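> Assemble the whole structure, with the sequences as input and the hints as a guide.
Chains E and F are the protein sequences, given in the same order. Anchor point for the first sequence: position 190 equals 190 in this note's numbering, and the numbering is continuous, going up by one each time. Anchor point for the second sequence: position 52 equals 52 in this note's numbering, and the numbering is continuous, going up by one each time.
Hint data in this document are derived by calculation from the structure and do not stem from the laboratory. As the structure is a prediction and not an experimental result, all values here were calculated from the model. Certain hints may be false.
Now the in silico label distances, taken between C-beta atoms and shown as ranges [claimed, not checked]: (1) F:E42 - E:I326: 54 to 64 Å; (2) E:P302 - F:Q36: 52 to 62 Å; (3) E:P219 - F:E43: 13 to 23 Å; (4) F:G44 - E:L381: 54 to 64 Å; (5) E:W301 - F:G44: 40 to 50 Å; (6) E:L381 - F:Q36: 28 to 38 Å; (7) F:A52 - E:P315: 50 to 60 Å; (8) E:E317 - F:R56: 25 to 35 Å; (9) F:Q36 - E:P262: 38 to 48 Å; (10) E:L381 - F:Q63: 49 to 59 Å; (11) F:R56 - E:R204: 26 to 36 Å; (12) E:K98 - F:E42: 51 to 61 Å; (13) F:L5 - E:K98: 21 to 31 Å.
Glycine is no exception: its CB is placed at the ideal position from the N, C-alpha and C atoms.
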Amino acid sequence: MQLTSNSIVRSAAKITVFAIAMLWSSLTVFAGGGEAHGEDEGFKPGEMIMHHISDGHQIHIIGSIYIPLPVILIHDGHVDIFSSSNFWDGFDSHGELKFKPYTASSGTTYENHHEIIHIVGGHSHEHGDAHNVTPVAYASVDSSAVVTAPVDSLMVMSAPVIEDAHAEHVKPLDFSITKNVAGMFLALILMVIIFRSIANSYKRRPGQAPTGLQNAIEPFILFIKDEVAVPSIGKKKAHKYVPFLLTVFFFIWISNLLGLIPFIGGLNVTGTLSITLVLAAFVFIITTVSGNKHYWGHILWPPGVPLPIKFILVPIEFVSIFQKPIVLMVRLTANITAGHIIILAFVSLVLLFGQNNAVAGYGVGVGAVLFMVFMFFIELLVAFLQAYVFTLLAALYFGDANVEHHHDDEHH
Amino acid sequence: MEGLLSVSVGTVFWASISFLIVFFLLYKMAWTPILQSLKDREEGISNALNEAERARKEMAKLQAGNEDLLRQARDERDNILKDAKAIADKMRAEALAKTQADADRMLAAARAEIENQKKAAITELKNSVATLSVDIAEKLVREKLTDAEKQKALNQSMAADFSAN
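As structure tokens, then:
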């Protein structure tokens, strides 16, 4: 059971990596071609795709319809809360949203630059007429030149799009309810509504056959309980972990499905590293907290291994404690993001061809739509599969942490 | 690219807080009652199955008992029938024997009676013959004493008498 699911995951991961590689190469070809003909005009698929899968401070429904989201910024002890529509400044010639700086009630002026909020103007109350605020981190350090160099290079490395002018601006702590945070809230609220109603049907008709929504969801609850938790953790301890596994499974699955619904802003909740990081962190914390002496024994002093090998094995085992949740995090983000990229790439293909020739656009459109339908079905499968894989691996890690002894009755 | 691969403190914050809140909400409101009712139902089903199995075994046992009882009854019936037949045979044989004996006895009695009657008849006949002979002799003697003619007539009449007898 475990073997087959692992090999499925591995082959799925291979296919995904291959697909991403192919798409990126084709996208760069198209993008390059576009730039050669006309740099400022023309459709840039790379940008469009990034815009869709990246987080943002507003939800783009369709065309020029945007939903503003609350922006929450913490800077220098001030909390600024305002609507992201304050940044909006009409649309450019391509119908893209333009942004303008906004001065919040604390007097700090912020700017939304590629969905990263910078401070462009200081608050007049404390810094007087200082318009270009010196970065806080730099100000507190005397030998600023020494510190500036590495920080700057780091920023440039991580954000190649940002011009030097922006790199010098300070970023406030951004606690905004961004597109993906809002999507996550939506998924979590949906979960509370769905499972509250299901719990009520269980209470209303105890001991009877399930009906309706309860009937639809119950197989999945039983699947996680009986096919994931119990075989991985063992019958005795599984019940402690089942609520967490169920929450994670349904959260990932519902979030994945929300990401497939068009016209709700292209939510990419489970493709957001920050969110999968939190999920993986919970798995890490639970594994570490519930690790028994056999688990730590296996890591810190592997039994049945010659002493010199132990010196090699122990660091590897130690790294694997952290590597396991990191893999969980990256796998989920990569898989979901890749799916979005593929579907968006087909959309871009139509637009790219259509931009040169309407007939070519329609011609490519037929094929692209067929491919998109196919991809949507694949993504529906992946949405479930990734939720299952994350839950199964989390359960296996919990099982490792609770390992009884070598010759116990676990049979995977 | 930065938005995609970097980790945002704000998102991590909201994700941790909201996930924990929803986890505890669901733990209290959904998972505990749902898992409890699933467990109850599983136990209920397993109990019902055990009960059914037990009932089935009981039924089988009962059926086996019934069959035993039936076989016993059949055996008993057979025995009774056999006994009855034996008794009937015996009775019939006895009756036959008795009838035979009765018939024999009656036959014997009848034979004896016939013998007696025959003897009596013979005796009587003997007596009658004797008397008759004496009478004839007497008559004969008397006629002989008178004349020859008459003696002849007498003889003829006596012969007629004999033939009439």
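> Each hint needs a verdict: does it hold in this structure or not?
Structure-based check of each hint:
Evaluation of the 54 to 64 Å hint for E42 (chain F) and I326 (chain E) yields a failure: the beta carbon distance comes to about 37 Å. The supplied range of 52 to 62 Å is broken by P302 (chain E) and Q36 (chain F), whose beta-carbon atoms lie about 40 Å from each other. Between P219 (chain E) and E43 (chain F) the beta carbons are some 19 Å apart, a value that agrees with the proposed interval 13 to 23 Å. Between G44 (chain F) and L381 (chain E), the C-beta spacing of about 35 Å breaks the proposed range 54 to 64 Å.
Checked against the given bound of 40 to 50 Å, the beta carbons of W301 (chain E) and G44 (chain F), roughly 47 Å apart, stay inside it. Take L381 (chain E) and Q36 (chain F): their Cβ atoms lie about 32 Å apart, and the range 28 to 38 Å holds. Distance hint for A52 (chain F) and P315 (chain E): a CB-CB separation of about 58 Å, consistent with the stated range 50 to 60 Å. Between E317 (chain E) and R56 (chain F) the Cβ separation comes to about 54 Å, which falls outside the hinted range of 25 to 35 Å.
Take Q36 (chain F) and P262 (chain E): their Cβ atoms lie about 39 Å apart, and the range 38 to 48 Å holds. At about 53 Å, the beta-carbon gap between L381 (chain E) and Q63 (chain F) stays in the expected band of 49 to 59 Å. Hint check: R56 (chain F) to R204 (chain E), Cβ distance near 33 Å, so the stated range 26 to 36 Å holds. Between K98 (chain E) and E42 (chain F) the beta carbon distance is about 60 Å. The supplied range of 51 to 61 Å therefore holds.
Take L5 (chain F) and K98 (chain E): their Cβ atoms lie about 26 Å apart, and the range 21 to 31 Å holds.
Checked against the numbered hints listed earlier, the structure breaks hints 1, 2, 4 and 8; every other hint is satisfied.
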